[in-house]
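A.B. asks: Let the hints inform the model, and build the full structure from the sequences given.
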Amino acid sequence: MPVSKYVITLCDGPSCMQKRSKQVKDVIKVELEKAGLADKVRVITSGCLGMCAKGLIMIVNPGYVIYGNVTEKDIPEIVEKHLLKKKPVARLLIEEDHLYNRFYRVFGDVNFFGKQMRIALRNCGIMDPENVDEYLALRGYEALAKVLTSMKPAEVAAEVKKAGLRGRGGAGFPTGLKWEFTAREKDPVKYLICNADEGDPGAFMDRSMIEGDPHTVIEGMIIGAYAIGAKEGFVYIRAEYPLAVKRLEKALADAKREGFLGDNILGSGFSFDIEIRLGAGAFVCGEETALIHSIEGSRGMPRPRPPFPAQSGLFGKPTVINNVETWANIPVIILDGADWFSSIGTEKSKGTKVFALAGKIKNTGLVEVPMGTTLRQIIYDIGGGIPNDKKFKAVQTGGPSGGCLPEKYLDTQIDYDSLAAAGSIMGSGGMIVIDEDSCMVNMAKFFLQFTQDESCGKCTPCREGTKRMLEILTRITEGKGVDGDIEKLERLGNMIKKSSLCGLGQSAPNPVLSTIKNFRVEYEEHIAAKKCRAGVCEGLVTYEINAKCVGCGACKRVCPTAAIAGSPKTVHVIDQAKCIKCGMCFKTCKFSAITKK
Amino acid sequence: MDKKMITIYIDDKPYQVAAGQTVMQAADKVGFRIPRLCYHPKLSIEGACRVCIVELEGARNFIASCAYPVADGMKIRTNTPELRSARRDIVELILDNHPMDCHTCERDSNCELQRLAYSMGIRKRHFEGEMKHYEKDVSGVAVIRDPNKCILCGRCVRMCSEIQKTSVLGYAHRGFKTVVMPAYNMPFRDSSCTACGQCINVCPTAAFLEKDYTQELFKKLNDKSILKVAQCAPSVRAAIGEAFNIEPGRTMEKQLAAAIRRLGFDYVFDTQFSADLTIMEEANEFLERLQGKGKLPMITSCSSAWMKCLEQYHPDLIDHISTCKSPMSMQSAMVKTYFADKIKRDPKEILSVAFMCCTAKKYEAARPELEVNGMRATDLVITTRELAWMIKSAGIDFLAIKGEEFDHPLGLSSGAGTIFGTTGGVMEAAIRTAYELATGETLLDIEIGAVRGLQGIKEGKVVMDGKEIRVAVAHGLGNAAELLDIARKDPNRYHFIEIMGCPGGCVGGGGQPYANSNSIPLDEECLMKRAEALYTLDRNKTIRRSHENPDIQRLYKEFLGRPGSPASHKLLHTHYKQHFPVGIIPESLKQQKPAEPANK
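In order, the protein sequence lines correspond to chains A and B.
Once you know that position 360 of the first sequence is 360 in the numbering used here, the rest is easy, because the numbers rise by one and skip nothing.
Count along the second sequence starting at 1, add 1000, and that's the number in the numbering used here.
Watch out, some of these pointers could steer you wrong.
As the list claims (entries may be wrong) - FRET-style restraints, in silico, Cβ to Cβ: (1) B/Ser1167 with A/Asp483: 47 to 57 angstroms; (2) B/Glu1057 with A/Val521: 35 to 45 angstroms; (3) B/Ser1167 with A/Val521: 44 to 54 angstroms; (4) B/Ser1517 with A/Ala577: 55 to 65 angstroms.
Think of the hints as simulated: they come from the structure by calculation, not from any bench.
Computed from a predicted structure; not experimentally measured.
Quick reminder that beta carbons are idealized off the backbone N, C-alpha and C, glycines included.
C.D. replies: Structure follows, in structure tokens:
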């Protein structure tokens, strides 16, 4: 990696790109030219830095100072003050101070980064993902060299097993064991797949890893291929991730050119190649057997297991399929050893986990924490808590098929087993924070709508059962719920969980069952009292005009159904029979004279 | 196959079962009958309906017994309260999204879903809600599709892609909107469907049906101004009894002739007669090809689904196809010419109706090149199922009716004509005649075992005049594709190939009676029994070779001259042309230069 005194790292993940990262980069070039620094300052556009809530993010060396909310207008000041006068631009600082220490040297002092432990994301943000030399400078492909020169395939799998790494795609199956099962199969042709079909709404762990550090994933895959004896591998990635695909293509070409991929890798006699397969955006294709069908050219529909892919996978051959984050952990395990890796985390869940923080939380974005970190630490220390001093209500982990955990579970340690015990799942790492303004019934409905839409339609419980559950939830949120609806939801939910063909169906009822378990009273209020305490379910809200009304008539004018009556300068009245609860009057009133109940 | 015996526990009792099978297969053998729906023994394991779930000790969730392999020591429960409730709810969920019109449904009382719901004890609905609504696709002349009745068990999709290998049907859309359709949701008429009707056979409900022409026929049967002429295919007699709850394998030949006559037909002829006629023409054509006039191997052309399959998927073999029309079309052609002349009626006043085991014959009858003197040769095609219903509807006691004979001059047939109805039958019949035509000697050992039976591809040889004639037989379009690939790779391997579009040949046709409550659709045992019924008929006939049929001899003498004569060619032969399914451009055409756009 060329050493340069002056480095500007500019995030160009999709979120920052929306915040004009491209245009900002152009302005930087112009300003550097003006200041005569054009050939002294290296400008890197990195992949997503994960701190999306504060985008556009820019890191400036000297000092590795992180600036947030940067716009084109700020550039002249940054160039002049920071680069020429060596003084940080205080008003753009994310935290009060700047940062040091290689990776943690870069990020350590910011609460958002300092409490994280970045293993899978270790290179994201500090190197140019499109430059293989920079990856090499960060000890890239060293693990591969070590494996090829000094380890037998079985030793590699054993090391990964010893490290205690479990599949990061959600199910948490021990990775080393999966490799051993596959390696044991007699078939000489074996395949290896990287599952980058990230489909959870709001999740972007895999995308960021590939955008920010594609070589780590590739290196992990080559090591895995060596361990199981595969000659061919596939990355199955969503077509909706164009930047990730572009970087992956570049990285694959670079790796091939440098001899890390292809025939006779590093002169070891071992050959392996990787191809990219684009997914068409079906959530169910994240399920391994559906994904395999999709690569084979069929409709992405799961099939019953056993046989597991380790025995009969892609084209009927033994196949290892792991998620992006799992692959990204492999090189570190090889370099720093299983003992070091297994020292991180809890007894049964080792290492770290990347989460995509979303919802009602100050620092939405990407975080990587050691297993065993509590939900509270993530939400409050790293995530910065709930905006506008609202009250925390629940956290949904594991994407659309995870469970909603209330406040009493905030001190739950994050690992596969503790989350399962609490009634949720680890999933692939979605984490959505819900505050008091959200209605839990509505929330459950939202997630179920997603899984129902994305059900492949093959098995009856998932296809038909989730539809019926959705209908019941819909009628509850519309104020048409009846006695017995909660019991029907539970009956259907438990049946679907136990009877569905694949993981999608088996986990689809989770949001509903967990909200019934933890927020049953909200369901009962909706059904019996026709009340939505969060005021979200429109069918259950009542608007009334109170004594503060000055009779300005503004509400009367915007009401689309002429439900408001009243003479000027007298208190108006809403005819509840005509009111369609659109909320226009509430939004229009300047005197807080309309009460929403 | 793994023959090792292992012990599994079902409902707490140990059972010795063979390893290497599924839980359902093992349970079936020791006296259990786990409820099931999407499972079919001839098709791949789908695991979709989830009706066959059982509890496996140590597993978090229920397992599908149709898909899960047995393992030594595994403990299965098949009948716990939780399982019963889950199974019941699953079946109810299917019902809740299924039209509630059982009384007016074509499959009423013969519907697998209905039977299943009954056995689950669903007496009350809990989860009713939105139901799917699709337009019924009635565009096809043979097969119609009603997605509203579809329960997405996937049997039709698997049948179409695995057994027939035509892959016309597939899934589209997701979640609640999932639906089975041809590519691009094309109307069936325009799709690559071969009209074989096997989807109808395996469908547990009425999502696929033949196009119903019974009302039209009833109307015309009452029209005094027209002459009503029927013909009846061999395998109808071998299977129609099943529609009247008779065990498979009993032929109802004479009852059939009597019942059809009672429906109001003036003449009841036998398609077996024209099967003999087909043999005369086909054997002659084969011998001509053998003498260098035309390409070998010659491939039969009797099966209508195969005709469409050939034009769509195997156009390279068109020159190998016998130009002979199918027996149905030959019969109709004779009805509207030879027979009309004989009774001095204007052929325009004749209604020619064919009772067939086949749905694709409805498609064949509508092929324009089969017209005779500008008239449709076969006016209506009625399947075995439709015929059984017509008989019931007309108040005919089929089981008690006194048997009658078919009418002359198109009703007398040899045993060779009879066995047309089963796979290998055409080949066997053709050999019986060709041998004698070629050698001048009578073939004594006329039962040719090599081409009988339900093996997918059968090979046999006969020595004629010192020359070895190698023949092959395939039934089902999937087996056909496989056989043709063998023939393509080794062009001299066969002289003569018989292909039938349906599993088992016509006895397994798409228009045959539905499986009853104790059997599964296309059960091999049932197909064997139907075939055996035809072989028995053949065995009991004195005339067993087509050329010995005196009515055939008379037909040639009075009307056609000789096999392959100009008159024969005009009336009994046809042609085929390549016809690519919409959306498919073959490699050979892709390489051609694209035409310049006209509007440039």
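A.B. asks: Where does the structure disagree with the numbered hints, that is, which hint numbers, in rising order?
C.D. replies: Violated hints: none; all satisfied.
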